[in-house]
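*Asks:* Residue strings, one per chain:
Protein chains: 2
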Amino acid sequence: MRISILGANGFLGRRVAERLAADGALGGRRITALTLFDIADLPADAVPPGTDVIFQLAAVVSGAAEADYDLGRRVNLDGLRAVIDACRALEQPPRVVFTSSVASFSGGQGVVLGDDARQLPANSYGTQKAIGELLLSDASRRKFLDAVSLRLPTIIVRPGRPNRAASSFFSGIVREPLLGLETTLPVPDDFAVWIASPRRAVAWLLHAASMDTSAMGLDRSVSPPGMSVTVGAILDALEDVRPGAAALVKRVADPAIADIVAGWPAAFAPQRGLALGFSPHEPLVDIVAAFVADDLESTRQDRAITHA
Amino acid sequence: MRISILGANGFLGRRVAERLAADGALGGRRITALTLFDIADLPADAVPPGTDVIFQLAAVVSGAAEADYDLGRRVNLDGLRAVIDACRALEQPPRVVFTSSVASFSGGQGVVLGDDARQLPANSYGTQKAIGELLLSDASRRKFLDAVSLRLPTIIVRPGRPNRAASSFFSGIVREPLLGLETTLPVPDDFAVWIASPRRAVAWLLHAASMDTSAMGLDRSVSPPGMSVTVGAILDALEDVRPGAAALVKRVADPAIADIVAGWPAAFAPQRGLALGFSPHEPLVDIVAAFVADDLESTRQDRAITHA
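Those sequence lines, one after another, are chains A and B. At position 59 of the first sequence the residue is numbered 59 (the numbering used here), and the sequence of numbers has no breaks. At position 163 of the second sequence the residue is numbered 1163 (the numbering used here), and the sequence of numbers has no breaks.
Do not rely on the hints blindly, as some may be mistaken.
Cross-link-like lysine to aspartate or glutamate pairs, in silico, DMTMM-like; alpha carbons within 20 Å at most [to be verified]:
no., chain 1, residue 1, chain 2, residue 2
1, B, Lys1250, B, Glu1176
2, A, Lys250, A, Asp240
3, B, Lys1143, B, Glu1091
4, A, Lys250, A, Glu176
5, A, Lys143, B, Asp1068
6, B, Lys1143, A, Asp219
7, B, Lys1250, B, Glu1182
8, B, Lys1143, B, Asp1085
9, B, Lys1250, B, Asp1240
10, A, Lys143, A, Asp219
11, B, Lys1143, B, Asp1070
12, A, Lys143, A, Glu239
13, A, Lys143, B, Glu1066
14, B, Lys1143, A, Asp70
15, A, Lys250, A, Asp190
16, A, Lys143, B, Asp1070
17, B, Lys1143, A, Asp68
18, B, Lys1250, B, Asp1236
Keep in mind the hints are simulated off the structure, nothing from the lab.
The shape of chain A in the complex, shown without the other chains (with noise of 0.2 Å):
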């Protein structure tokens, strides 16, 4: 089979398309080309013929789509529009599998938002992407493609360095502490977040590549299992697997910060998205130790070399 990735340098993409290439089949099917881009302005030959599966990572996120609408409108909105034009080229539909997020909904602390909740974003990165659930899912319906659109949570451990996304101290609460660096925890301990780790975002990227979609219907979006958990859960997390560590961690209140993420839901009843197949979350203290086990060198090496 024939697979494209777009956005295939991103921290999910890269990811991806190594899982691909170590496994050289999906779905039990023999990869045969695996086409990798990622830049803003679709190629022509980004979805090449015969094309089985496209990952369409690629994406302005919440931040810059934010401070820049036509930016976020190009990309998160004429890059989708392009992929699916691609698709109606090639001579049998293909699987496209679509990252949209939890910032399509509003929500809060007090909300479990069920599968049939609505979609009424409060940024224009949510906005682009329940718009690009309905282009899919319409697309869908007319046989163009064969979409799975995942929301997903909040992704922590990101690897990396501390970055100005308000989202950013989820992963930073943990990776600083673990690399023996202070940092600080801008909301209360009891604040609650929807979150997915690396590990369980690919493997739901890749369920979502070969799974049945009969069972759809029109509705080929789908919040995966994550967890709703609090801030004081994943520093108990962080302490179980390296004792101490949690100390690192300084309460500064921000309140820019919390009115921000105070803004997006804290938790979702997924039933769907179980009953679709999508694997249930790890616990938290697995997460830590992935991250320990899977980026926490590599992390240290990088940051080593980009401070010397």
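Guided by the hints, dock chain B onto chain A, whose structure is given.
*Replies:* Just chain B now, kept in the frame of chain A:
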């Protein structure tokens, strides 16, 4: 104040234009300019400097958007994007009144949709309308404009002649007998439909153009208080206004049409629309009487001319 009507030659556009021209004012403010456009691609001067209100009624309707995906996407999506961009060029964010549709929902005979119902369209037209709502809520949040999206019910009684729209018969079973003509009813008498009269739709559009939007928050979409009625009740109202007329309606089951309309939501619980000041619907018999008063003679003349 300066008003633009895009789609001004359509059924509702003409009525809104006539009403504004007759009133000379909107929301207590004198109208100093009324710009009317009705073509697919928005010309640069459709939204002149100083525009206060834009009625965006231009659309490729359901059957056409389903038959020609590219045309629907160009007019219903790119057209709206052009309106948004035109608004960004104005000094003050104008009010944008957008006609969305019940076709943006799935549903069926058994459901009553609440104001928080998820939009899961079963056709490309409804998809494009749901996307339009998302774009306009986001553009309002960003203060590019100040939108109200009205999800209009099936409008009865439309003047003119029967057409190939699946919904054509809902108007036909009133209009045709009042013209002395036989017509067919493709669904059972107990089939329910969510309707609004042309008079009510125009009143809602004018309210949307002049209301205070500060209570709407992120959600700029409204399901106005239409009315859920059965086909049998429509025929009873016809019989009240013109005894004997309902005998011209012949029951001829049409499974193809019945299948399409069976997917439309038959009822809404429009609490938010009522709270936002959208007027409740007049009784069915008034709808039939209003058609006789407003449209019957002109429809008779138009059809006599084109039949001659």
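*Asks:* All hints are to be evaluated individually against the structure, with a verdict given for each.
*Replies:* Each hint, compared with the structure:
1. Proximity of lysine 1250(B) to glutamate 1176(B) is assessed by CA-CA distance (about 11 Å); at most 20 Å being required, the pair is judged to hold.
2. Straight-line distance between C-alpha atoms of lysine 250(A) and aspartate 240(A) comes to about 18 Å, which keeps the hinted pair within the 20 Å bound.
3. Our distance criterion of 20 Å between C-alpha atoms is met by lysine 1143(B) and glutamate 1091(B), whose separation comes to about 11 Å.
4. Of the supplied pair hints, the one linking lysine 250(A) and glutamate 176(A) holds, its CA atoms being roughly 11 Å apart against a limit of 20 Å.
5. Between lysine 143(A) and aspartate 1068(B), the direct Cα distance comes to roughly 14 Å. Compliance with the 20 Å bound is thereby established for this hinted pair.
6. Restraint check for lysine 1143(B) and aspartate 219(A): the C-alpha separation of about 31 Å exceeds 20 Å, so the hint is violated.
7. Only pairs whose Cα atoms come within 20 Å are accepted, and lysine 1250(B) paired with glutamate 1182(B) is accepted, the gap being roughly 7 Å.
8. In summary, the hint linking lysine 1143(B) to aspartate 1085(B) is supported, as the alpha carbons are separated by about 12 Å, within the 20 Å threshold.
9. Distance check on the hinted pair: lysine 1250(B) and aspartate 1240(B) sit about 18 Å apart at the alpha-carbon level, within 20 Å; holds.
10. At roughly 14 Å between alpha-carbon atoms, lysine 143(A) and aspartate 219(A) fall within 20 Å of each other, so this suggested pair holds.
11. At most 20 Å may separate the alpha-carbon atoms for a hinted pair to count; lysine 1143(B) and aspartate 1070(B) exceed this at roughly 30 Å.
12. Taking the CA atoms of lysine 143(A) and glutamate 239(A), the gap is about 50 Å. The hint is violated against a cut of 20 Å.
13. Taken as a hint, the lysine 143(A) and glutamate 1066(B) pair is honoured in the structure, with Cα atoms around 13 Å apart against an allowance of 20 Å.
14. As the CA atoms of lysine 1143(B) and aspartate 70(A) are separated by approximately 15 Å, the hinted pair is consistent with the 20 Å bound.
15. The suggested pairing of lysine 250(A) with aspartate 190(A) holds, with an alpha-carbon distance near 15 Å, which does not exceed 20 Å.
16. Proximity of lysine 143(A) to aspartate 1070(B) is assessed by CA-CA distance (about 15 Å); at most 20 Å being required, the pair is judged to hold.
17. Only pairs whose Cα atoms come within 20 Å are accepted, and lysine 1143(B) paired with aspartate 68(A) is accepted, the gap being roughly 14 Å.
18. For the hint pairing lysine 1250(B) with aspartate 1236(B), the CA-to-CA distance comes to about 15 Å; that is within 20 Å, so the pair holds.
In this structure, the earlier hints numbered 6, 11 and 12 are contradicted, and the remaining ones agree with it.
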